[in-house]
Amino acid sequence: MRLFPLTAALALSAAGLPAAAAPQGVNAPLVMPRDRVDRVPSGAGEIRLAQIPGESRERTLVEGIVPEAAGQPVETAVYDLDEDGKPELVARLLGPKSCEGQPARCRTVVLRSGRNGWEKVLDRKSAKVEAGKMGFGGMRAVVLDGRETFNWDGDGYRMDVAAAGAPVVFQDAPASFRGPLLSQFGPGAVKLAARSPRVAVKVASASVRDGSQVVVARLEGPGACGAVLGCPFRVLQVKSGAYVTLSEGLGDAKMAVLPVMRTGYRDIMVGSPRGWSVYGWSGKSYVLVPGEGGLEGRK
Amino acid sequence: MNRFAPRALAAVLLAACVLPAAPARASVADFVSATCGTPCADPVGEEQRARDNWSALTAMGTTQWVGSTMGSTTVDASGLLAASRYAGASELDRWLTTGVTADPAVAQQMSLALQQFSGIDVSGITGISKDASATDPYANQAYASTSTSTGSSSNLATNLVNALQTSLNSGTAFMGPGGGGGSGYCNKGVDDALGANAQKYVNNMQSLATSSEFGFSQLGGSAISSGQRSASGYYGSSCLDSMLSGTRDMLFKPPALSSLLSQLSSMFGGGSGGCGNAQTIMAQLKNSMPNGVFASGLGGFFPHASMTSFEGDSGSATTGFANGFGLASSVGQSSIMRQPASLTSLFSR
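Chains as they are written, first to last, in our numbering: chain A, 1 to 299; chain B, 1 to 349.
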């Protein structure tokens, strides 16, 4: 683990005014506790968080961006994820409203100081936080609970859908299947595809159970996809020579079959322009799993 | 006279013809900033997406919904573009035509977009100035996608005519050309096809009324066409029939039969007895129906179809259709959207 230069840390500390006279806004400089001034960790590895007192500049900063933190115990860690000398702040809210499950997964945020002051770049429940591989812009990935990887895209942390499970790889649908697959998206899509050669049907197979595969079809091209939710997809099962729709939704081409099984079938994670969703088997169809999806970063 | 003057004048005229009008450009920018936000990260991409979506909406015939109402908002081109920006034009078309979406939240967001972003001038994208009329001014637009390389652009109105005419079977079209309402439609073929479709419905209703099995209650229970007494039709189950058969509670006092017969006699016989006015009344009834059919809230493409309200805390939208003759049906959500509440308990971890 690389140690943060002491001089830089002191400079960061000195930039802040004495606590009594310091501005209390969100964009006020962060003054680290004296016992942590000399070392700001960086590099890959677990990010260890420690509970902070009821009144501190870190708490003020966290509460300014995440109002839910007010009045509940909070643990934080100062960590330089991109090793640029300006550390990020990782905070976890420990109150019962912010936690769920056993072991408790509690709301965890990563705050970063940017051009517009401090901003939230990741917001997700977790029990364990790790700094992962270095990626775009020299910023390390954040790995939550050892299974969810978030990569930096220059603007915020985005879920690495492919890393979450077995990636679903799409290819152009064979011409003989194009018609039957198109009809799964409605008569409008059939009309649209007939008029525009740029409207494509992509198809992939996904192993959702040992020895059991489903067909995943996507509609792509001008007019088929939304800027907010992405392109329509269908999870299909071939039954008696015809397609039976097991699920329908919207998302981008990043899709993965997760190792998590539900009622005998694996979950499917679908990325979208602004986040991701998880679909689970209900016994009859794949449906959105409440609480498993999320929006990314501050978006 | 300056010899360059004619050239300068020609250049000015050419520029006026070729250069895009400033208001149109401004309207596109207004739409992009309203839907994408300010500043928009990719305004050029947003504008191209809007153009692609409009081409797709035109190709699918989704512009037929222009002029329909949703709550207190009239659906217009900017609303359609904003809703398609959310989930894509094809998904918007599917929701508007079938009431089905991938998720109730998607329907909610699209209905919000339709209402929130209506009224923005998007003529810079659609190429047609917003029309004040309730009919669809975009129906005759050819599909002009920039992506079309086959040159197979076709007219939406022609497709509509073909679709409607295919659905028709033989019948007597007494309404004739233009029976669909005449001036409300730019394309005469559409007008004719709608008229024929409405005529078919009227004919069906007439057949139903005069059938021996389901015929309306006639004097003496006889159906018009067969001369048979209707035992299982409306007559057989009518309240009047039950009352006359004496099976009702004695405390209930029915209207006097003589009074009813007198009123019927007066109505059909014009005071002279018999049924002299019956044919006239029937003719009036038949003539009144087509006009009623085309008093539509959806620009006339779907007679008597109207969007029901999109209120309610669930956010789910249901599109209701009434055919104007008291027979109503509703297009609900897909089975996936109707998962029982207990299903969600499977996923609580």
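Honestly, the hints are just simulated from the structure, not real lab data. Glycine is no exception: its CB is placed at the ideal position from the N, C-alpha and C atoms. Certain hints may be false.
Dumping the calculated DMTMM-like pairs for lysine to aspartate or glutamate here, alpha-carbon to alpha-carbon at most 25 Å [unchecked claim]:
#, chain 1, residue 1, chain 2, residue 2
1, A, 133, A, 148
2, A, 254, B, 30
3, A, 202, B, 103
4, A, 254, B, 121
5, A, 125, A, 68
6, A, 86, A, 123
7, A, 202, A, 220
8, A, 120, B, 42
9, A, 125, A, 172
10, A, 284, B, 42
Pair by pair, the computed Cβ-Cβ distance ranges are [what the hints assert, rightly or not]:
#, chain 1, residue 1, chain 2, residue 2, range
11, B, 278, A, 194, 50 to 56 Å
12, B, 43, A, 53, 34 to 40 Å
13, B, 45, A, 115, 20 to 26 Å
14, A, 169, B, 127, 38 to 44 Å
15, B, 29, A, 155, 22 to 28 Å
Stretch by stretch, here's where chain B covers chain A in the computed footprint (C-beta under 8 Å, at least three residues) [claimed, not checked]:
#, segment
16, 181-189
17, 216-224
18, 237-251
Each hint tested on the structure:
no.	hint	in the structure
1	A:133 / A:148	holds (13 Å)
2	A:254 / B:30	violated (32 Å)
3	A:202 / B:103	holds (21 Å)
4	A:254 / B:121	violated (36 Å)
5	A:125 / A:68	holds (13 Å)
6	A:86 / A:123	holds (20 Å)
7	A:202 / A:220	holds (7 Å)
8	A:120 / B:42	holds (22 Å)
9	A:125 / A:172	violated (37 Å)
10	A:284 / B:42	violated (41 Å)
11	B:278 / A:194: 50 to 56 Å	holds (52 Å)
12	B:43 / A:53: 34 to 40 Å	violated (47 Å)
13	B:45 / A:115: 20 to 26 Å	holds (23 Å)
14	A:169 / B:127: 38 to 44 Å	holds (40 Å)
15	B:29 / A:155: 22 to 28 Å	holds (23 Å)
16	181-189	holds (count 5)
17	216-224	holds (count 5)
18	237-251	holds (count 5)
Figure legend: structure checked against the earlier numbered hints; hints not met, in rising order: 2, 4, 9, 10 and 12.
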